[in-house]
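Chain by chain, the residues:
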Amino acid sequence: MSNIVVFIDHRDNAPTQHSLEVVALGASLGEVHAVVVGNSDVANAVATHGAAHVYVYEPTSQAVTGEVAAMQDAIATAASQMVLVPSTITGKEIAGRLAIRLNAGVITDASSVDASRQATQHVFGGSTIVTSKVNTELALITVRPGSAEVMNGTSGAVQNRTATDSAKSAKISATKPAVSAGRPDLTSARVVVSGGRGLGVAEGFAMLEELADVFGGAVGASRAATDAGWIDHSFQVGQTGKTVAPQLYLACGISGAIQHRAGMQTSKTIVAINQDADAPIFDIADFAIVGDVNVVVPALTQALKARS
Amino acid sequence: MKIAVLIKQVPDSWAEKSLTKDTFLLDRDSSDKVLNDLDEYAIEQALAWQENDGAELVAICMGPESATDAIRRALSMGVDSGIHIKDDALQGSDAIATSRVLAAAIKRGGYDMVISGVESTDARMGVVPAMLSEILDWPQLTFANRVSVSGSTIEIDRVTESGITTMNAELPAVVSVVEKINEPRYPNFKGIMAAKKKTVEELSCADLGVDSVGVTNAWSAVAAATTLPPRAAGTKIVDESGSSVSALVDFLAERKVI
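Sequence lines, in order, name chains S and W.
With our numbering applied, the first sequence covers 969 to 1276.
With our numbering applied, the second sequence covers 19 to 276.
Careful, some of the hints might be misleading.
Pairs of lysine-lysine residues, derived as BS3-like cross-links and limited to a Cα-Cα distance of at most 27 Å, are as follows [to be verified]:
#, chain 1, residue 1, chain 2, residue 2
1, W, 216, W, 20
2, S, 1139, W, 254
3, W, 254, S, 1236
4, S, 1101, W, 216
Source of the hints: derived by calculation from the structure; they are not laboratory data.
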């Protein structure tokens, strides 16, 4: 059985759901050797979600290369030929550095991976599906959210290991964790309620948060809304923001420029509410309401609350 | 301070993109080609150092003949000179080959810093700066929404999904900047005229001493590509009073999302 090294991203003392999905994907292809840098609570949690072995490394102040050193140690220890990393900013950079260091091919943003190390990617905003294969002995693949269902109730072995990196690196002097606001992460949420220019004012997002909470979903935004300063840039969905593919994407007051669609058009179901009957978002919406978001959204929230 | 500003020419992000049928490479002729808009933030950041500290800026671009336009755009914004790495052998190079070629060009220039956008809007891998850092063995300070240089020390705030990390290193370093770090300028008439007189050096793979590039040497290869049928529009209701909500709730229940 092949040994698959999986990098674990963690936040608030717990592995991210995205990481646990990648562990489950790895477990479907071989034996997972998970890498956790800097947190033994996280390591213990990962051992119950499908990892056969969990390697815990000391916290590092070396930006990115600290994690790369840990991965390099784990790949050698497990004699692994397949490495899976959650497709996050840091995850992709770790894979990129390992590709250079270990002479290995890299594929980013895979939505699925099979045992022959073939990966599928949705490119050009989901309009094209590409199947790619790594030509080198070691394959480095970064995996998007939603690749597999998280496993539960397994028990793996946790061991402490050390690794330091000799590459020149930046030294971390301070960290400020992202505020989760009690909502699921935008990229892995089942439901995303997004707002755009059509909201008219920043306060419109309070209305969307209320609707998102009824679904247990996340809030997103178009670039117009983040540019207007109504919501932080980190909530932007689209070509230069996050790519999401939830079960339900609710576009509220978003016209649907191609750059926005590139970040959300692989969503399973798309509902759009917009005043402008000619808005391009309606071309890809499964259910479209031509109307005022400030009327429709509160009515929808009420109706859903009444239903539950 | 001498700064290499990495730029790339990409299909216009407003255009629908496709792959070529036989080679599965990006069809670069099917749409207008522009300077990658995320690179403009790197150019603007570098221009601040040029204007305030007298930094010398060199735009480095790997790409076909047409990429000259992207270099001219950078020069018209104020970058001092350009290097165009142009070679038919480079077509279809993956991120690893691209990074090796760029690193070879950087090594011959005596730079204190390499700065770029965080990714190109066509491939969207976001790995080239990290790869360059690994090849050059220069510290990586990427995804910055704040950058400051004091003497030979650089400090940035890195923004990722996990939050904000402040980090520092000694130059030379590899830097990438996110949009929002600044508001890139539009080239003015004076800049456009001045750009015509600026030099652009052309380099081939042989000049740089690199081989094993291009599509046949890529370390990963596309086996198949399928264009999905466009999404069709579904039910559309015109509603001024919120009366459509019950139909929407029924639809959501039918789709099992509630």
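Okay, the hints, checked on the actual structure:
1. The straight-line distance between the Cα atoms of residue 216(W) and residue 20(W) is roughly 17 Å, inside the 27 Å bound, and the hint therefore holds.
2. Simply put, residue 1139(S) and residue 254(W) have alpha-carbon atoms about 54 Å apart, too far for the 27 Å limit, and the pair is violated.
3. For the suggested pair residue 254(W) and residue 1236(S), the alpha carbons sit about 18 Å apart, so the restraint of at most 27 Å is met.
4. Taken as a hint, the residue 1101(S) and residue 216(W) pair is broken in the structure, with Cα atoms around 43 Å apart against an allowance of 27 Å.
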